[in-house]
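Chain by chain, the residues run as shown.
Number of protein chains: 6
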Amino acid sequence: MTPIEKARILMEALPYIKRYHGSTVVVKYGGAAMEDPALAEGFANDIVLMRYVGMNPVVVHGGGPQVSEEVARRGGTPVFVGGYRVTTAGDLEVARMVLGGVINKDIVSLINRHGTLAAGLSGEDGNLLLVRRKEHPDGDLGFVGEIERVNPAILTDLLRDFIPVVASLGVDANGQTYNVNADEVAAALAGALGADKLVYLTNVEGIQDAAGRLLTQIGAEKVSELKANGVISSGMLPKIESALEAIKSGVPKVTVLDGRTEHALLLEIFTDQGVGTMVTA
Amino acid sequence: MTPIEKARILMEALPYIKRYHGSTVVVKYGGAAMEDPALAEGFANDIVLMRYVGMNPVVVHGGGPQVSEEVARRGGTPVFVGGYRVTTAGDLEVARMVLGGVINKDIVSLINRHGTLAAGLSGEDGNLLLVRRKEHPDGDLGFVGEIERVNPAILTDLLRDFIPVVASLGVDANGQTYNVNADEVAAALAGALGADKLVYLTNVEGIQDAAGRLLTQIGAEKVSELKANGVISSGMLPKIESALEAIKSGVPKVTVLDGRTEHALLLEIFTDQGVGTMVTA
Amino acid sequence: MTPIEKARILMEALPYIKRYHGSTVVVKYGGAAMEDPALAEGFANDIVLMRYVGMNPVVVHGGGPQVSEEVARRGGTPVFVGGYRVTTAGDLEVARMVLGGVINKDIVSLINRHGTLAAGLSGEDGNLLLVRRKEHPDGDLGFVGEIERVNPAILTDLLRDFIPVVASLGVDANGQTYNVNADEVAAALAGALGADKLVYLTNVEGIQDAAGRLLTQIGAEKVSELKANGVISSGMLPKIESALEAIKSGVPKVTVLDGRTEHALLLEIFTDQGVGTMVTA
Amino acid sequence: MTPIEKARILMEALPYIKRYHGSTVVVKYGGAAMEDPALAEGFANDIVLMRYVGMNPVVVHGGGPQVSEEVARRGGTPVFVGGYRVTTAGDLEVARMVLGGVINKDIVSLINRHGTLAAGLSGEDGNLLLVRRKEHPDGDLGFVGEIERVNPAILTDLLRDFIPVVASLGVDANGQTYNVNADEVAAALAGALGADKLVYLTNVEGIQDAAGRLLTQIGAEKVSELKANGVISSGMLPKIESALEAIKSGVPKVTVLDGRTEHALLLEIFTDQGVGTMVTA
Amino acid sequence: MTPIEKARILMEALPYIKRYHGSTVVVKYGGAAMEDPALAEGFANDIVLMRYVGMNPVVVHGGGPQVSEEVARRGGTPVFVGGYRVTTAGDLEVARMVLGGVINKDIVSLINRHGTLAAGLSGEDGNLLLVRRKEHPDGDLGFVGEIERVNPAILTDLLRDFIPVVASLGVDANGQTYNVNADEVAAALAGALGADKLVYLTNVEGIQDAAGRLLTQIGAEKVSELKANGVISSGMLPKIESALEAIKSGVPKVTVLDGRTEHALLLEIFTDQGVGTMVTA
Amino acid sequence: MTPIEKARILMEALPYIKRYHGSTVVVKYGGAAMEDPALAEGFANDIVLMRYVGMNPVVVHGGGPQVSEEVARRGGTPVFVGGYRVTTAGDLEVARMVLGGVINKDIVSLINRHGTLAAGLSGEDGNLLLVRRKEHPDGDLGFVGEIERVNPAILTDLLRDFIPVVASLGVDANGQTYNVNADEVAAALAGALGADKLVYLTNVEGIQDAAGRLLTQIGAEKVSELKANGVISSGMLPKIESALEAIKSGVPKVTVLDGRTEHALLLEIFTDQGVGTMVTA
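Protein chains in written order, with numbering that gives the first Met the number 0: chain A, 0 to 280; chain B, 0 to 280; chain C, 0 to 280; chain D, 0 to 280; chain E, 0 to 280; chain F, 0 to 280.
With the rest of the complex left out, here is chain A:
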C-alpha cells in the first residue's frame, strides 16, 4: 500500500475522532480478547489509541475461566446459578487473588508497555463499589454482591492522568468483600460516570434471534420476547440486562461486540462497520 493510501485511511478516522473527543467510554473486557495473547495486545493498543486521541477509556474486567481454573486446582467445583458463580468463602479468596492480584495487573502491564498510562484497582478501593449480598430466586449465591452505590471519586481522581482498570469486586458496609458480575460493574460505572458509550467484548458474534441470526440492534421489548422463549443464554443475560440498566441511567450508546475479531473495539469506535449488536431502550 502506498503512503498516500495510508494517509487517506487515517483521514477516514477523523470524523469518528471528532465525535468521541473528550468522551468517556467504559469497556467490559473479557473472553477471547483477554485469553488470546495477540487479541489482548490488540486490545491494549486500541485502548491506548483511544486515550491518545482524546477519549477517557475505563476498562472493567472479570476473569471467570481463570477463577474456575484455580478453584478446580484447589479441588473445588465451580457451581453457577442463573449465570452467577456460587461463591463460597474459599472461592471468594480465589476470586480476589486472581482478579485483583493477577489479571488486573496483567492488563495494567499490557497497557503500560506504551508508557505510564494505566492504573489498576478493584471495587474495594475507595469504596468504589458498595454492594450488598445478592438474593437470587434459584438459590443462595454465597458471596455474590449486588451493587447499591458507586463512589466514583477514586475513578475521577485517576482519570486525570491514567486509564483506570477495574476488577469486578465490591465491598459492603462492614468491609466484607463480594464477587460482582463484571457486566453489572461495567454498566454501573458507565451510569455513575455519565459515560458516552458502554461496550461489552464477548465471545459471540453478538445477540442472535431464535433462528440464530445476528441482530444488529435489540430493544427492551425484543429482549423480553427472547428471554421468554429461552433464546438468550445465561452468560448473555447479565450483559443484556445490565445494558438495559445502563441505558435507563442515561448511557446513550451500548454495544455488544465480538471480541474474537481483531481490533473489534477500534472498528466499533472509528468506523461505521460495527461488528456486533447495539442495545437500545
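Don't read these hints as lab results, they were simulated from the structure. Don't be surprised by glycine CBs; every beta carbon is placed ideally from N, CA and C. Please note that the accuracy of each hint is not assured.
[Stated by the list, open to error] Okay, the calculated beta carbon distance ranges per label pair:
{"hint": "1", "chain 1": "A", "residue 1": "ASN173", "chain 2": "E", "residue 2": "ALA172", "range": "54 to 64 angstroms"}
{"hint": "2", "chain 1": "F", "residue 1": "ARG7", "chain 2": "E", "residue 2": "THR155", "range": "25 to 35 angstroms"}
{"hint": "3", "chain 1": "E", "residue 1": "THR155", "chain 2": "C", "residue 2": "GLU145", "range": "45 to 55 angstroms"}
{"hint": "4", "chain 1": "A", "residue 1": "VAL78", "chain 2": "F", "residue 2": "GLU34", "range": "30 to 40 angstroms"}
{"hint": "5", "chain 1": "E", "residue 1": "ALA210", "chain 2": "F", "residue 2": "ARG7", "range": "26 to 36 angstroms"}
{"hint": "6", "chain 1": "A", "residue 1": "ASN150", "chain 2": "D", "residue 2": "ASN150", "range": "39 to 49 angstroms"}
{"hint": "7", "chain 1": "B", "residue 1": "ARG148", "chain 2": "A", "residue 2": "PRO36", "range": "54 to 64 angstroms"}
{"hint": "8", "chain 1": "A", "residue 1": "ASN150", "chain 2": "C", "residue 2": "GLU145", "range": "46 to 56 angstroms"}
{"hint": "9", "chain 1": "E", "residue 1": "THR215", "chain 2": "F", "residue 2": "ARG7", "range": "22 to 32 angstroms"}
{"hint": "10", "chain 1": "F", "residue 1": "ASN150", "chain 2": "B", "residue 2": "GLY211", "range": "47 to 57 angstroms"}
{"hint": "11", "chain 1": "A", "residue 1": "ASN150", "chain 2": "F", "residue 2": "GLU34", "range": "22 to 32 angstroms"}
{"hint": "12", "chain 1": "A", "residue 1": "ASP160", "chain 2": "B", "residue 2": "PHE79", "range": "44 to 54 angstroms"}
Since the structure of chain A is already known, use the hints to place chains B, C, D, E and F on it.
Okay, now just chains B, C, D, E and F, sitting in the frame of chain A:
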C-alpha cells in the same frame, strides 16, 4: 479494503500520535497546497486531525502570488530583491488587504468547516511581531520588516481553544505595519513558542544538490556550500536560512516538504516516509 | 489651571469609575471619529483609559466609506437597499480586504501605541458570527448576512488580556463569508456578552424628532412613530432597530453619541453630560 | 469649565494610570491629613481612586497626638527620647486603644463610605510585625518595638479584596505588644511587599536644607550632612532613616509629601507636579 | 498513667474529630474563660487544637466588664436596659478602644503563642456587620446596633489561613460605629457562614428551670414559658434569643456552656459529656 | 477517669499534632501488627487519626508469611537467600495473588470502616516502581526486583483524597512483574515523596546490640560494626540498610518500632515515648 486492514493502518499511526502528543507544530503554509482547492482541503483536514490527536498546530501563511496579482491589477509591477518583495506604501496596503483580509480568513473558514476550531490574526494583533525596517545590501526593500521581538501572549491565549492562523505582517514601535517574509515569521514563532517541529510546505520536492538530486537531509555546512555555488534558489533561501535560525533557537526538528503531494503534512507527521528534506544544525 | 483644580476634576470621575468597574462596554466605532485623525487618536485614548480603570471595552467597526471608495476605484458603483449595501461577490472581496485587512488592524495599531493592548478579529474567526443570507423586502442584498448565532468563546478568551476589535463580517455554516451591518454586530455582541452598555458613535448629534430637535431619550413607541413619519434616516435605522434588539436581549443601557465631539466616549462614560440620545425599551 | 476641558484633564492622567497599574503603594498616613476632616475625606477619596484604577494601596498609620491627648487625660505626661515616645505599660494600653480601637477603624469607615473596600488590622494580627524591645543610646524607651521580621501573609490575603489599613503596633515572640514607630512600619511593609512606591504624608512642605529651602530630592549623603549639622528635626528623622532603609530593601521610589495640601497623594501619583521631597539612595 | 492509656484516650477522640472535620464552629467567648488567665490559656489551646484537627473556629467576643471598668474610671456609670448597655458617645469610644484595641488583640496574641494562627477584626472591617440603631421598648439604648446584614467576604478571605477573632462592633450605612451585643454577633455570623455549630461560653452551669435545675436541652416553647415566668436572667436572654435565631437560620447545633470549667470547649467538641444546655428549635 | 483528665491528655497531643501537620509519613506495615486482629484494628485507627489531624500517611506492606503459607499449600518450599525470598515464576504468581489481591485490599477495607479513606495499589500501577532483576552474591534470587526508579504521579494523585496502601511488587521495562522487599519499597517511596518520616513496624522491640540490649538510636557506623559481628539478623538487615538509604535521600526521621505494642504508631507520632530504635545517618 477490509475493515480489519483499515484498523491495522490506523494502528500504525499510534507510535507517531504518542510521539507528538502535546507538542506544538508550526506549519508554514503556501504554494500549491494553498492554491489547489483539493490540496487546500486536504491541508485543512491534516491540521484538524493534528489538533484532535493532541497536537497544537500553528499555521503561518504569506500569499505572494495573490499579492502580486492584486498589485498588477492596480497597474503595479512586483519587484523582488534578494527574494524579498520590494514593498511600496501601495504594495503594503495590498498586502494587508490580501493577506489579513482575504487569505487569512479563507484558511480559517476552510478549517472551521470541521467545527469552531481556527482563529486568524496578523503579526499586528497584540503586537505579536515587533519589527524594524529591513536593511538589504542589494537595495531598498521599502516596507519589509525584520523581526525584532515576538510577543507570544496572544498566541498562547488562543492556543487553549483554537488553532491560530497567522498572516505574515508585523508592526514597528510606532504602529507602522510592515510586510514580513512568511518563512521568517514561521521560524520566529517556532522559536518563541518552543515548538517541537517546524514544517515548510513548498512547491518543490525538497532541497536539491548541485546535480539536482533531492537531499533528504541538509546541515548548515552544506547550505553554505550550495549557496556559494549558487545552487539554492532565491525563493528557497529564506526558508533554509530561517530554518537554520529556528534550529539555533532550539526547535528540534525542521523539515521542508513538497506541498504538492496530497496529505504531505500527514505523511510527515504520522509516518516515517517523509517527502522532503530535513534541515539539521 | 492649578494642580489642585486638576486633582478635583480627576476626583469628579471617581463615582463613574466605581459604577463601571468590571463592566463590559461594546462600542460601535465609525463615522468622523474613525476618519478624522485627531478624533481617532482621542477615541483610542478613551478606550485605553476605559481598560485601565477596570472596564472591558469591545470595539466593533464597519467601514462603509472606505469600502465604497475601493469599490469605486475598481469601477463599481455602491448600491444601497434599505440602508444595506448590496454586496456582489466582488464587493464582498473588497469589504473583507478593507475591513479585515486594513481598518481592523489600523484600529489595533492606534490602540497599541499605548502598549500591547488590542487584538483584531473578524466575525469569521472562531465562528464568532454565524449568519445566513439576509432577505430584504426591497430587493436582493447579495452577500449581506443576518446574524443567527454568536459564539463568544474567542472574545472571552481574548478579553482576559486584550481589547478585542471586531470587523463586521460573518460566516455561514458552509464557510461562506458575508458582509454584516456593523450596528447589528455591535448589538448582537453586546447581547451575547451580557454587556452593561452599548454605545454607537455616529456623525449626528443624536436622534432628532420631526422638528429636528435632539431627543435626549427615545423609546420603542416613539421610534415607531418617527419611522411611520419617515423622520428616521436609512443610516440611523439599523442603529435604532439593533439598539432596541440589544435592550430586549438584556443590555441595560444603549446610547447614540455624536462621534464628531472630541472625547465623546469619555464624556458619556465619566460624566453625566451625555452628548447624544439614550435609547430605552 | 466645559465638559471637553474636563475630559482633557482626565486624559492627562492616563500615562500615570498606565505607569502605576498593578503596583503596590504603601502610604504612611498622619498629620494634618488625618486630623483635618476635609483633608481626611480627600485622602480617603485618593486611596479609593488609586484602588479603582488598578493599584494596591496599603495604608499605615500611627496617631501620636491622639495618644498623647489620652495619656494626658489620664494624668500622664508624654516623654520622647530621640523622636520615640517612651512607652510605659499604661501608655502602651492607651496606644493599643487609640490606634487599634479608634483611629484604625475610623480610617476604615472613612474609606468604606465608598463601598466595602477597607479592612483594618494591627501588626499584632497574624504576627504581621514581629518585634523586639528597641534599645536606644539616649535612654530606655519602654515598650517601643524594633521590627525584626514581617509576616506578610495576612496582608496578601486581604489585598485580593480589600485595602489594608495597618495600625503601628507589633508583637514579640512571647505575645507582648509593643508600640512601633509608624514610619518604620510603613518602610518595613513596603520592603516586605516589594512595593513600587512608599509615600509619607507629613505636616511640612518636605525636607529642607540648612537654609530652610525645600529640597525636591535628597540622598543618603546629604542626609548625613544635614544630620551632622542638626538640621533634621527629631520627628523627620525616623521618616528619612526608614526611607533610606526602604530604598535599600528595594523600594524604587520613596517620597515625603506635604499632607496639608489638598489631594497631595493624587497630585503625587497622577501628575508630575510632586509637592514634597523625593528620597534617593 | 501509662503511654498506652494515653493512646487509648487519644483514640477515643477519633469519632469526634471525624464528625467535625471541615466544619465551621463559631464560639462566643466571654465570662470567666476570658478573665481567668488559666482558663483563657486553656481556651486558646482548645481553639488551636480545633484548627489543627481540621475545623474552622471563629471566635466572637465582647468585653462588658472591661468596658464598664474603663467607663467607671472615666467617671461614668454603666446603665443597662433589657440586658443592653445604654451606650453614650463616650461609652462607644470606650467600647471601641477596649474591645477593638485591647481585648481583641489580647485574644489574638494568646492564640498566636502557638504560631501565626489568629487575626483580629471588628464588625467595622470590610463592613462585616452592617447595623442600624436598635429600638428598645424600655428606653433609648444610644449607640447600640441591631444587625441588618453580614458581609462575610472578609471572614472567608481570612479563614483560608487564619482563625478570625471578631470584636462585637458594627457600622451603619453612614460609617457610624455601634456597639453590638456579642451573643447576637455570634449568632449572626454562625448563620451567615453556614456554621455547623455555635457555642456560647458563659459563667453559669447552663440554663436552669424555675426550680434552679440545670436543663440539658431547651426548646423555643420552654424558653417562652421560662421567660413568661421571669426565670431567665437579663444576661442570659440575648444568648437564648440569638440562639433560637441561629437555629432558624440553619445552624444545626447550638450550645450554652459553662466556661468556668477547664477545657469546656474541648469536652463539648470531643466527648459526649457536654457541660451545659443544648438549645433546639 | 474524669472528663477533665481526658481533655488534658488530648491537649498533651497538641504539640505533636502541630509538628506533623501537613507532613507525609510512610509506614512499613507488617509482622504482628498485621496478623493480630486487635493490633491490626488499632493500626487502622492510628492511620485514620493521622489523616484526620492533617498528616498524609502512606502504607506499604509485604506479606511474607501469607505468601509462604500459600506456596507451601501448593507443595512448594520457601527458600531465602540473604533475607530475600528466592522467587520462582510460581512463587511470583502466588505473591501477586496474596499481596495484591488479598492483603492489600484487606488493609484497605480495615481502614475504610472509618469512611471512604483508603485506596490500594501495587508498584505495577502507573509504573510506580520500575525495577530490574536483583543480583545477589549468594545466589540467583529469581523474580526479585531491585528498585531503579519511582514514578510517584499515581501516589500524588491519590494523596489528595485517599490514604494510599501499596503492595510491594514492581515492574520492569518489559512489563514483567517482580517481587520487591517491602522495606526497600517503603524507603524508596519515602525518598521519592520527600516524606518527613519513615516508620517500620516490626516484631521486635527494636535494634539490639551484641549484648541484646535495645538501642534507642543507631547510626551507620554502629550498623557496620554490628553487621561485621553478625549481630543483625537477616530479617532486620533490609530494614536497616533501606533506612540508611532513606536518610541519604533526605528523609529526616526513620524509626524501627515494636509493632506488637498496642498503638505503637500513635505513641511514636504523638508522644515522646518512642517504643523502638531511631536510625540516624
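Evaluated hints:
no. : hint                                       : in the structure
1   : ASN173/A with ALA172/E: 54 to 64 angstroms : holds, 58 angstroms
2   : ARG7/F with THR155/E: 25 to 35 angstroms   : holds, 34 angstroms
3   : THR155/E with GLU145/C: 45 to 55 angstroms : holds, 47 angstroms
4   : VAL78/A with GLU34/F: 30 to 40 angstroms   : holds, 32 angstroms
5   : ALA210/E with ARG7/F: 26 to 36 angstroms   : holds, 34 angstroms
6   : ASN150/A with ASN150/D: 39 to 49 angstroms : holds, 40 angstroms
7   : ARG148/B with PRO36/A: 54 to 64 angstroms  : holds, 56 angstroms
8   : ASN150/A with GLU145/C: 46 to 56 angstroms : holds, 51 angstroms
9   : THR215/E with ARG7/F: 22 to 32 angstroms   : holds, 24 angstroms
10  : ASN150/F with GLY211/B: 47 to 57 angstroms : holds, 51 angstroms
11  : ASN150/A with GLU34/F: 22 to 32 angstroms  : holds, 29 angstroms
12  : ASP160/A with PHE79/B: 44 to 54 angstroms  : holds, 52 angstroms
Of the numbered hints given earlier, the model fails none.
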